[in-house]
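> Here's the letter readout for the chains.
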Amino acid sequence: MTKRSVSIHVPALTRVEGEGSLRLRIEHGEIQELALDIFEPPRYFEKFLEGRRHHEVLDTVARICGICPIAYQMSAAQAIEQAFGLDPGPWVRDMRRVFYCGEWLQSHALHVHLLAAPDFLGFDSVVGMAARHPEVVRRGLRLQGLGNALIRLLGGRSVHPVGACVGGFFRAPDAAEVDDMLEQLRAALPDAHDLVLWAAALKLPQDEQAFTCVALRHDTDYPFEQGRIVSDDGLSVPIEQYEDHFIEEHRPHSTALFSLLHGAPYLVGPLARLNLNHDRLPAASLSLLRQTGMTFPSNNMFHSLLARTLEIHVAIVEAIRLLENYRRPVSPQVEVTPRAGIGCGATEAPRGLLWHRYELDDQGIVRAARIVPPTSQNQARIEADLRRSLRQFGLNRPDDKLRLRAETVIRNYDPCISCATHFLKIGVTRR
Amino acid sequence: MGKPSIAVHKFSSCDGCQLAFLNAGEELLNLAELVDIKHFLEAGVADEYAHVDIAFVEGSISTTDELTRIQRVRACSRYVVTLGACATAGGLQALRNLDGSNTEWKHAIYAHPGFIHTLDQAEPVSAHIKVDFELWGCPVNGRQVLAAVQQLLFGVAPLEQRDKVCMECKRQHASCVMVTAGRPCLGPVTRTGCGALCPRFGRDCYACFGPAGNANTAALSRRLEGLGLTPADVARRFLFINNHAPSFNEAGKKHYRQGFSDD
Ligand code: SF4
Ligand code: SF4
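So the protein sequences, as listed, match chains X and E.
The opening residue of the first sequence carries number 1 in the numbering used here; numbering runs sequentially from there.
The opening residue of the second sequence carries number 1 in the numbering used here; numbering runs sequentially from there.
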């Protein structure tokens, strides 16, 4: 190994949500320093939830992230309903799943086409890529648009939708709107199908590595809004026990917190979900996966891209299944009676497990809140991955190649830095 | 003459307003034909201090670093347009200004608060630099943004919407949620732009588009109390997404006790 000192500083990472930077120092062929700095300013959400009434929480937490507001609303609704001992019933459960399908579609299509694909096809941005691969980009934008339309059906608008509430929804779509949506969804199936095959044919880096996956797992369904928290090294606990197994720590270079499972980094998100739930895929998505010849679980982190495209297919198939049985209910929401208590909620945001806990008083006023977003759960994993994949890639390579590889590795996790900084209370600190 | 150029900058925010571009679909590609996008990190273009015709700014100013950045953005842009509630009015995170909670909250949350270089207040962009045009909304919608680009580039001042959500309800024939369901709607004091989305969904408006011109907040406060809201509830209504906008701030503070307590 040559004796070379390299110092790479990428002051502002592109094609990630939010703001982050990377510091990498290599001395004598060894990585001396590597840090993914998250310098997104703190916005203190958990603090200003205190003193708010239960019915203000969903509109508040949505503002943590413009890309996955539904995830925040759904985890919060579930937690508050649990605290109040409320079951919103099957119609609400089904429609929340449909709502969530819209967010996966929108967020995954955005990530795959606007943020990640330029790396694998050799472009700086989607604008350059669109000139050379117009059909690929158009297909992506169509799927993203479909996700936005599905969100609007139940939420009125796709960023910070206004339709959801504790107890259900403010409004139930009528049959004509649902039929129209169904038609659009069915028409998009070939796009989703082709997208998966396209992703499977991409030349993705081969980068096998060992890591622990964490996701929700449900008795019968692919996980969106329900399930136990499981890992591939044997964890299987109800969501209320999250804090017994996972801790956060604050490291100086970041305004996000790092989560650890039993003291070690872990992965959440599409690849973790698929690795742990490939046997829960809808039949049509499973047979599509077989067609690609790929098998899961996979320990190539770059298969995240494939997992994301397959989940686009899952979202469309699921939304069709649920809307085909649509009946307009007498009321889209159940009555809410506050009572004092603590409730937890956990759902699968596009980027992975999103866990909330609220303590409410008998008036339904929030007394304490804790929110653990996916990106802070992945942060330790991203750094661990960077260390080994850069070593494997070759620390001798030229700076710009190293830098691009590092950025590619980071973007592959689809980190949402806005989400990561909304602030959780510290479980444990080490100095 | 080359194509006009734009930049999209992010400060303290949720990224939701930039999605007005990234969710625009085909229109995003059309826009990229019409203008030169010089800086837009999330879209993969980085040249922060390139000279541009229009700089769109998302997010409020809440750290020392952001203060320096926004001044440099001003220096290299012909027009500065704020995108949404955070940039225009401070956003939800300006709630930390209410009781001067920045330091306390920082210590409650971080093990190493010394590394967190925040300003005491989260403020709108206009608190620090001259802003040429402000777009309200949390989030702004795509139509507003694309219209602003078109209008600024053709030298026409963009259309301002200062009407109230109430007017929009009338236009859309939405039934009034305050009259029919007794909901504490902020439509009477909120500017239009959303198409009266919440009332059309059968719920009360929570003022994500900020105060309308000549908003009679005092009359609405009395009306809200008449509907059975406690003073703390009234304070919470005004001190929400646009809590730092002067007319809402003033109306909210009349009823506010520290931490939204009721006694
Ligand atoms: S105004 Fe609202 S949508 Fe826009 S960045 Fe701020 S929080 Fe997000
Ligand atoms: S009705 Fe009010 S709260 Fe709802 S979207 Fe419009 S301005 Fe925002």
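One should not assume that every hint holds.
Stated by the list, open to error - Cross-link-like lysine-lysine pairs, in silico, DSBU-like; alpha carbons within 35 angstroms at most:
1) K401/X with K3/E
2) K254/E with K203/X
3) K3/E with K38/E
4) K401/X with K38/E
5) K130/E with K254/E
As the list claims (entries may be wrong) - Which residues of chain E face chain X? A few of them, derived with a C-beta cut under 10 angstroms, are:
6) C76
7) V149
8) F240
Simulated from the structure, these hints should not be mistaken for laboratory data.
Remember, predicted model here, so these are calculated numbers, not experimental data.
We treat Cβ as the ideally placed atom computed from N, Cα and C, and that holds for glycine.
> Answer holds if the nearest beta-carbon of chain X is closer than 10 angstroms to that of F240/E; otherwise answer violated.
This interface hint holds because 7 angstroms falls under the 10 angstroms limit.
> Compare the distance between the alpha carbons of K130/E and K254/E with 35 angstroms, and conclude whether the hinted pair is satisfied.
Given that 35 angstroms is the threshold and the Cα spacing comes to 30 angstroms, the pair holds.
> Closer than 10 angstroms between Cβ atoms is the bar; does C76/E clear it against chain X? Give me holds or violated.
16 angstroms, violated
> Does K401/X pair with K38/E here, judged by a C-alpha cut-off of 35 angstroms?
23 angstroms, holds
> Measure nothing beyond the straight line between the CA atoms of K401/X and K3/E; if it is 35 angstroms or shorter, mark the hint as holding.
32 angstroms, holds
> Below or equal to 35 angstroms on CA atoms is what counts here, so check K3/E against K38/E.
Judged against 35 angstroms, a Cα distance of about 11 angstroms means the pair holds.
> Given the hint that K254/E pairs with K203/X, test it: the Cα-Cα distance must not exceed 35 angstroms.
It is violated: about 62 angstroms lies between the C-alpha atoms, which goes past 35 angstroms.
> Go through the hint on V149/E and say holds or violated, using the shortest Cβ distance to chain X against 10 angstroms.
16 angstroms, violated
When each numbered hint is compared with the structure, violations occur for hints 2, 6, 7.
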